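There are 4 protein chains.
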Amino acid sequence: MGIQERRQREKEARRQSVLDAARTMVLERGFNGTTTKSIAERCELSEATLFHYFRNKDEILLSLLFEGIAYTADLLDRIIAADLPPEERLIRVWKTYDLIIREHPEYVHMFGYLARPQATMNISAEVKSEIAGASGDNFRRLATILKGVVTDGEERIAADLLWGAFIGLRTLRETRQNLGASALPRAREMGRVFEMLAAGLRTGPSEGRE
Amino acid sequence: MGIQERRQREKEARRQSVLDAARTMVLERGFNGTTTKSIAERCELSEATLFHYFRNKDEILLSLLFEGIAYTADLLDRIIAADLPPEERLIRVWKTYDLIIREHPEYVHMFGYLARPQATMNISAEVKSEIAGASGDNFRRLATILKGVVTDGEERIAADLLWGAFIGLRTLRETRQNLGASALPRAREMGRVFEMLAAGLRTGPSEGRE
Amino acid sequence: MGIQERRQREKEARRQSVLDAARTMVLERGFNGTTTKSIAERCELSEATLFHYFRNKDEILLSLLFEGIAYTADLLDRIIAADLPPEERLIRVWKTYDLIIREHPEYVHMFGYLARPQATMNISAEVKSEIAGASGDNFRRLATILKGVVTDGEERIAADLLWGAFIGLRTLRETRQNLGASALPRAREMGRVFEMLAAGLRTGPSEGRE
Amino acid sequence: MGIQERRQREKEARRQSVLDAARTMVLERGFNGTTTKSIAERCELSEATLFHYFRNKDEILLSLLFEGIAYTADLLDRIIAADLPPEERLIRVWKTYDLIIREHPEYVHMFGYLARPQATMNISAEVKSEIAGASGDNFRRLATILKGVVTDGEERIAADLLWGAFIGLRTLRETRQNLGASALPRAREMGRVFEMLAAGLRTGPSEGRE
DNA sequence: AATGAATGAGTATTCATTCAT
DNA sequence: AATGAATGAATACTCATTCAT
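Residue numbers (the numbering used here), protein chains in the order written: chain A, 1 to 210; chain B, 1 to 210; chain C, 1 to 210; chain D, 1 to 210.
Treat the hints as calculated values from the structure; they're not laboratory data.
Hints are not guaranteed to be accurate.
It does not matter which identical chain is used: a pair holds within one copy or between any two.
Said to hold, decoys possible - Listed next, the in silico DSSO-like pairs over lysine-lysine satisfying Cα-Cα at most 30 Å (straight line):
| # | residue 1 | residue 2 |
| --- | --- | --- |
| 1 | Lys128 | Lys11 |
| 2 | Lys57 | Lys11 |
| 3 | Lys37 | Lys11 |
| 4 | Lys37 | Lys57 |
| 5 | Lys128 | Lys37 |
| 6 | Lys37 | Lys147 |
| 7 | Lys128 | Lys95 |
| 8 | Lys11 | Lys147 |
| 9 | Lys147 | Lys57 |
| 10 | Lys57 | Lys95 |
| 11 | Lys147 | Lys128 |
Remember, predicted model here, so these are calculated numbers, not experimental data.
Using the sequences and the accompanying hints, generate a full structural model.
Written out as structure tokens, the structure reads:
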């Protein structure tokens, strides 16, 4: 057990160092700017060695995505476990999002990538549904948290709204920053969106508009 | 006058056909997937001819962006000109967004592109501030529309929230579609987010949370 | 005769304006940097019109060469006609070279171009021998001038040496200038080489070294 | 030590084979005619592999230049070390030039390239001054050799004249060859120019002509 | 296990030239 | 006569990936 296990652990450690490098590159240079060469340089391995640990460049990048999903899942599970009263849950969700964006900004970044049509073309159907499943689970977790917070039956849509607003505002902020335009402070923005949605979520729709 | 004018119009038409091709490609294959070759094939011109009408690939793509901004500006100006009562304005904004996404989906798509760090690196400082200016004008238009709809002084942030939620939900929807996961119907989603935000916008923040 | 002649003259004038533009471009941007586009812009004609007056880009550039050859021929003929005593002829040659380089620097420049192997590949055999003939005539003129100046039978080689040293020093000077290195003043250089060659030319070879 | 050293040597050998190919191409097709594709074909590597060994096409071509400069430096140093009497030194310089043109004809060829205005535009200021420095050193070496051979204080200009005449005659010869015109035998030409210059160098200028 | 070497398939852009009007 | 439109063939350089050692 000794040697084999150690090897396994070393291998895992090396995989992680590749992922760390990839994470940094994705944030610094964006998705297409992240070349295998730049990852290799960053983690001080040769380009060829990367392919020892990952089949594809895509596998590296998707691993990053799954990490983000898992990280989010864990945080949401903690909220569920905390069993808080409805009025505190939304605040916790916000704080969680805040944490995610600080610890795994690349995860949020990657959502934008997956939205692009040709981005998912090379991904196998199985992996696709794996992502869909894992990500869907998180939305279900969020819906669970929102039970009692929003009108019954609206949990799913509320979950989408919350995450959608979150990544949309992030995109807007990044765009402004890239263009050299001024942007509102993040906390203010996010705080306000949650308050607004909260008010709406509590009220519920006055009438069906479709 | 006759000949010259007709030529001018023909040239403009040809430019438009290039832009149409580019628009389609951006939607089909995303930003980086849109090669000059693919644009050329699509509009049945040679690659070299593209450079007869546009200096750069960037000039093509940025033209698309400016078109979208101008299209949006026009729609928002109409809302302002309509001089509606506060309770109807938010609905008009929603309908406007709905129109934009139907007529110029690539415009929304491109916002995601501009958020990526290395995306704007090749854009000159002047063009950048031109984009920032034109886009900023639209946010100011939106803020004008929201005057009276939201708590005084909250118009700017409300404008950001509205647009942020819009593009975020769009991203979420696209992602789900790419992954083969099911998504809520768009109208339902958008209707609900506006209702929720509307409720919050009217109430205003209970306290400053920062 | 009126109309046709005027037309002919206008055509010739336009040809000249193209050549003037080409001359300037060759000097400013070198041989390969001289594009048909840049010539067209310079003489305010469309690119296509250039091909009305010249079959090829090469024809334009070669016309420049022939101009230079003719200009040189004329100057050398004047020296011959002046019928000067041997001791003054070399000085006149030097002054002539000085004039050529001032009035037609591109001519000297082009000699470097013709030395490159693939440069003459596209030139037809007839044009090649035309150039060779015209240029050879000038060397014969120079040899005539050197009769009595140098040892009998050495006129041909002396002519080559004079011109060779002239274009070589010019190349050296240009190179230094391009590299930002300092160079001796031209007059000093050229004066000295002529003095040196003159001394040697008068002396004649002490022995055959081959 | 063994493996690493062998690898290093193999790499160097491969670099050399690229340089050899480039050298041949420069001579066959000239500077601009030397494409990365043609180099790659010549040394039977893929184009991409070229960029494994050299950053740029320029780096390849400049390596050729530096090789030529170094080769010349070495030969001149040997003359200096030989400590010959003045009357023999000029002959040695001539023989050296003869050797250079046989072993590194591309070096002489490249001097013509560097003289063209836009040729050096892409070269960084540092590399430029590196070239200027290394080349300048060779001229200083030559000047050292000419001490005692020419009038005191005239060594620098004499060095320029020697090299200038050398590359000028080479250009003239190449031009004639390209045009299919007959040229004098090289040895005769060069021998004569050295004799002539030698006579003048010994005599010195009768008066300052500027 | 780790890597240097090697590469096929791109990728935006340039250029001399042709042709219909 | 003059030109706007159009293009085939190049061109330097990039990138993810494979393979022998």
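So, going through the hints one by one against the coordinates:
In the homo-oligomer, the alpha carbons of Lys128 and Lys11 lie at most 30 Å apart inside one protomer (26 Å), although the nearest pairing across protomers, at 43 Å, exceeds that limit. For the homomeric pair Lys57 and Lys11, the shortest alpha-carbon distances inside one copy (18 Å) and between copies (28 Å) are both at most 30 Å. Both within a single protomer and between protomers do Lys37 and Lys11 lie at most 30 Å apart by alpha-carbon distance, with minima of 20 Å and 20 Å respectively. For the identical chains of this complex, Lys37 and Lys57 are neighbours both inside a copy (10 Å) and across copies (21 Å), given an alpha-carbon limit of 30 Å.
In this assembly of identical chains, the alpha carbons of Lys128 and Lys37 lie at most 30 Å apart whether taken from the same copy (26 Å) or from different copies (29 Å). In the homo-oligomer, the alpha carbons of Lys37 and Lys147 never lie at most 30 Å apart, since the shortest distance is 47 Å inside one protomer and 51 Å across protomers. With identical chains, the CA atoms of Lys128 and Lys95 are at most 30 Å apart within one copy only, with a shortest distance of 29 Å there and 33 Å across copies. Proximity of Lys11 to Lys147 under the C-alpha cut-off of 30 Å is found in neither arrangement, the shortest distances being 42 Å within a copy and 58 Å between copies.
Proximity of Lys147 and Lys57 under a CA criterion of 30 Å is satisfied in neither setting, with 40 Å inside one chain copy and 49 Å between copies. Taking the shortest alpha-carbon separations for Lys57 and Lys95, neither the intra-copy value of 33 Å nor the inter-copy value of 41 Å comes in at or below 30 Å. With identical chains, the CA atoms of Lys147 and Lys128 are at most 30 Å apart within one copy only, with a shortest distance of 28 Å there and 44 Å across copies.
Hint compliance for this structure: hints 6, 8, 9, 10 are not met, and every other hint is.
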